[in-house]
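2 protein chains.
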Amino acid sequence: MMDTTVQNIVVEKVKTSKIDQIDFDNLSFGSVFTDHMLVCDYKNGAWEIPKIIPYQPITLDPSAKIFHYGQSIFEGMKAYKDSNNDVWLFRPLDNQKRLNISAKRMAIPELPEEYFMEGLKTLLKLEKKWIPQSEGSSLYIRPFIFASGKGFHASPADEYKFIIACAPSGSYFSGKVKVLIEETYSRSANGGVGFAKAGGNYAGQFYPTQLAVKKGYQQVIWTDDNTHEYIEEAGAMNIFVRINDTLITGPTSDRILDGITRKSIITIAEDEGIPVEIRKITVSEVVEASKKGILKEMFGAGTAAVVSPISGFGHKNMNYDLPELESSYASLLKKRITDIQYNKTEDKFGWRYKV
Amino acid sequence: MMDTTVQNIVVEKVKTSKIDQIDFDNLSFGSVFTDHMLVCDYKNGAWEIPKIIPYQPITLDPSAKIFHYGQSIFEGMKAYKDSNNDVWLFRPLDNQKRLNISAKRMAIPELPEEYFMEGLKTLLKLEKKWIPQSEGSSLYIRPFIFASGKGFHASPADEYKFIIACAPSGSYFSGKVKVLIEETYSRSANGGVGFAKAGGNYAGQFYPTQLAVKKGYQQVIWTDDNTHEYIEEAGAMNIFVRINDTLITGPTSDRILDGITRKSIITIAEDEGIPVEIRKITVSEVVEASKKGILKEMFGAGTAAVVSPISGFGHKNMNYDLPELESSYASLLKKRITDIQYNKTEDKFGWRYKV
Numbered sequence: 001m002m003d004t005t006v007q008n009i010v011v012e013k014v015k016t017s018k019i020d021q022i023d024f025d026n027l028s029f030g031s032v033f034t035d036h037m038l039v040c041d042y043k044n045g046a047w048e049i050p051k052i053i054p055y056q057p058i059t060l061d062p063s064a065k066i067f068h069y070g071q072s073i074f075e076g077m078k079a080y081k082d083s084n085n086d087v088w089l090f091r092p093l094d095n096q097k098r099l100n101i102s103a104k105r106m107a108i109p110e111l112p113e114e115y116f117m118e119g120l121k122t123l124l125k126l127e128k129k130w131i132p133q134s135e136g137s138s139l140y141i142r143p144f145i146f147a148s149g150k151g152f153h154a155s156p157a158d159e160y161k162f163i164i165a166c167a168p169s170g171s172y173f174s175g176k177v178k179v180l181i182e183e184t185y186s187r188s189a190n191g192g193v194g195f196a197k198a199g200g201n202y203a204g205q206f207y208p209t210q211l212a213v214k215k216g217y218q219q220v221i222w223t224d225d226n227t228h229e230y231i232e233e234a235g236a237m238n239i240f241v242r243i244n245d246t247l248i249t250g251p252t253s254d255r256i257l258d259g260i261t262r263k264s265i266i267t268i269a270e271d272e273g274i275p276v277e278i279r280k281i282t283v284s285e286v287v288e289a290s291k292k293g294i295l296k297e298m299f300g301a302g303t304a305a306v307v308s309p310i311s312g313f314g315h316k317n318m319n320y321d322l323p324e325l326e327s328s329y330a331s332l333l334k335k336r337i338t339d340i341q342y343n344k345t346e347d348k349f350g351w352r353y354k355v
Numbered sequence: 001m002m003d004t005t006v007q008n009i010v011v012e013k014v015k016t017s018k019i020d021q022i023d024f025d026n027l028s029f030g031s032v033f034t035d036h037m038l039v040c041d042y043k044n045g046a047w048e049i050p051k052i053i054p055y056q057p058i059t060l061d062p063s064a065k066i067f068h069y070g071q072s073i074f075e076g077m078k079a080y081k082d083s084n085n086d087v088w089l090f091r092p093l094d095n096q097k098r099l100n101i102s103a104k105r106m107a108i109p110e111l112p113e114e115y116f117m118e119g120l121k122t123l124l125k126l127e128k129k130w131i132p133q134s135e136g137s138s139l140y141i142r143p144f145i146f147a148s149g150k151g152f153h154a155s156p157a158d159e160y161k162f163i164i165a166c167a168p169s170g171s172y173f174s175g176k177v178k179v180l181i182e183e184t185y186s187r188s189a190n191g192g193v194g195f196a197k198a199g200g201n202y203a204g205q206f207y208p209t210q211l212a213v214k215k216g217y218q219q220v221i222w223t224d225d226n227t228h229e230y231i232e233e234a235g236a237m238n239i240f241v242r243i244n245d246t247l248i249t250g251p252t253s254d255r256i257l258d259g260i261t262r263k264s265i266i267t268i269a270e271d272e273g274i275p276v277e278i279r280k281i282t283v284s285e286v287v288e289a290s291k292k293g294i295l296k297e298m299f300g301a302g303t304a305a306v307v308s309p310i311s312g313f314g315h316k317n318m319n320y321d322l323p324e325l326e327s328s329y330a331s332l333l334k335k336r337i338t339d340i341q342y343n344k345t346e347d348k349f350g351w352r353y354k355v
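In the order they appear, the protein sequences are chains L and Y. Final position of the first sequence in our numbering is 355; the numbers increase by one with none missing. Final position of the second sequence in our numbering is 355; the numbers increase by one with none missing.
No wet-lab data here; the hints were simulated from the structure. Among the clues, some could well be false.
Identical chains share a label here; the pair holds if one copy fits it or two copies do between them.
Said to hold, decoys possible - Here are the simulated lysine to any residue pairs, SDA-like style, with alpha carbons at most 25 Å apart: (1) K43 with Y55; (2) K43 with Q56; (3) K335 with E324; (4) K121 with N317; (5) K43 with I58; (6) K125 with E326; (7) K121 with V32; (8) K335 with S311.
Make a model of the complete structure from these sequences and hints.
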């Protein structure tokens, strides 16, 4: 049995913090990093005890499998600081579990829960000063694993690195986005890796998104690869559609990520008495609903942006605008979820996790 | 306009070669590397002039996009040394062109042809001693590009590295393989990135292959993601099926790699007077042909293994054995292609390229 008890994570602190160089009033997303990072190596068939070291470059052999075969997975999380200076995570065990679900599909050895959770808490306590307190800001946390083992043979690596890096961040998107419903490209296959947070799922989206941007849209709505008739995801987020007063989202599958924001929104919406349907959404019904004036809202949901409202969509060379609502589900649900995250309200579902 | 003339590639040589430490009689595939590598950086919107430096580790920020979003592509090539000590490549411009086809799909800036070809030739001239001369051995060449630019935003990187590393190698597979026709997992989606040599395409195959190995097979035969009724690729290779005396391979598509070995085999087979069909292959016809005794051969085709004969396949919990033939297409075609590669025969198609 592997010893997964983490009694004493070795911490090597920086000599001088760089925190004074950071403009906390003008943070972009994920572009400045805190003083330290957690590193945990998989070698000789086991994960070693994690350690915390100064944030620093990673050195790899040119034949490291990450460069050649895309064996990498990640998670996205946030730490929130409330008005009492207490630090909170949101459903972190769900990220830990999903990391291992992704790991399994990508033939990466699963990481012990304790290494993830104790490592993360130790890192966040050390980096507490880096967690912004202002409205909408948070410490974006990026746990990731990649294949560091060497060799050109197309097979799983024998060594991996698990790293947690943190970036104090403002909000991810600003304003509403106009989206293109994809008719040519696709994000994932049946029996593929779309449900995993695998690196390659994201790189594959960049080119179709660039094409959509050239046509005047900001994001792509992904559809199934076989018929392009079912709506699956919005960019790198899950998607919600409101027709009349019913909120609809697609069921998770091997093509669709089991988003933590997605399932939290479903719970909150049901708690609000909103009729929620988890079922396949067709492009035709969305187009028809728009024509009839009963398509009230569309929005993406994910950790980075929380809720990202959509102002309109393009499909088969036609554009469809969504109405401006005085009280939208998007803003209601975003407020309820962020109020829980920032400890501004009761946590009736037990989602907050104190660091 | 970018200046893509490469007059003088700067070469920084190693002080002491490590070639004396290598056992050239016992080379595995892609696990020891030559003294030098080519490195070319993309920065400030342009590829810089490539340089050759001692083979050495790569240093990257933990937020480098390769770790998070799988933005990486590669090629596989070989250099062959003939009995006169002359060095040959096989259709290298096709690799150069395909690298840029992959680059476009993965939102990676295209690399000037001259940088690839002049860089490669300069590197191979420097590493000539490393190219094995023995039967079946060659210098495996791995050109690859990955996103080195920083930041957690899920968008294309602003910096990339193009590297060519080389590994003197023995043959990739030994012996025939037993394969499992996949009924659950899949390799690529319509409108996806399956035709590109993108890293993520390979990592996604590891887990289904592990499951097949547990069942007693060595490789997976990939089928379409929608019906699992069409045969698409064999592991990381293209696939050929011989029914009676007709050689059949699937058409290239956005799901299937345009393999250089594949198209060379088609040309040679036609030159041999073998009836060749390029059309979709159904699982049912392969199973039926096997039952009737007219399924003569199946083999994979790719740069690393050249031709990899299949001894039998599993499908829906049944196993089907292929016959042992005295004169197989696989061995005929492998001999003809390798004879051209190693300069043992006339090059009637103009495929050899002298370094």
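Hint check results:
no., hint, in the structure
1, K43 with Y55, "both (21 Å within a copy, 23 Å between copies)"
2, K43 with Q56, "both (21 Å within a copy, 21 Å between copies)"
3, K335 with E324, "within (18 Å within a copy, 69 Å between copies)"
4, K121 with N317, "neither (49 Å within a copy, 47 Å between copies)"
5, K43 with I58, "both (16 Å within a copy, 20 Å between copies)"
6, K125 with E326, "neither (41 Å within a copy, 70 Å between copies)"
7, K121 with V32, "within (20 Å within a copy, 40 Å between copies)"
8, K335 with S311, "within (19 Å within a copy, 61 Å between copies)"
Hint compliance for this structure: hints 4, 6 are broken, all remaining hints hold.
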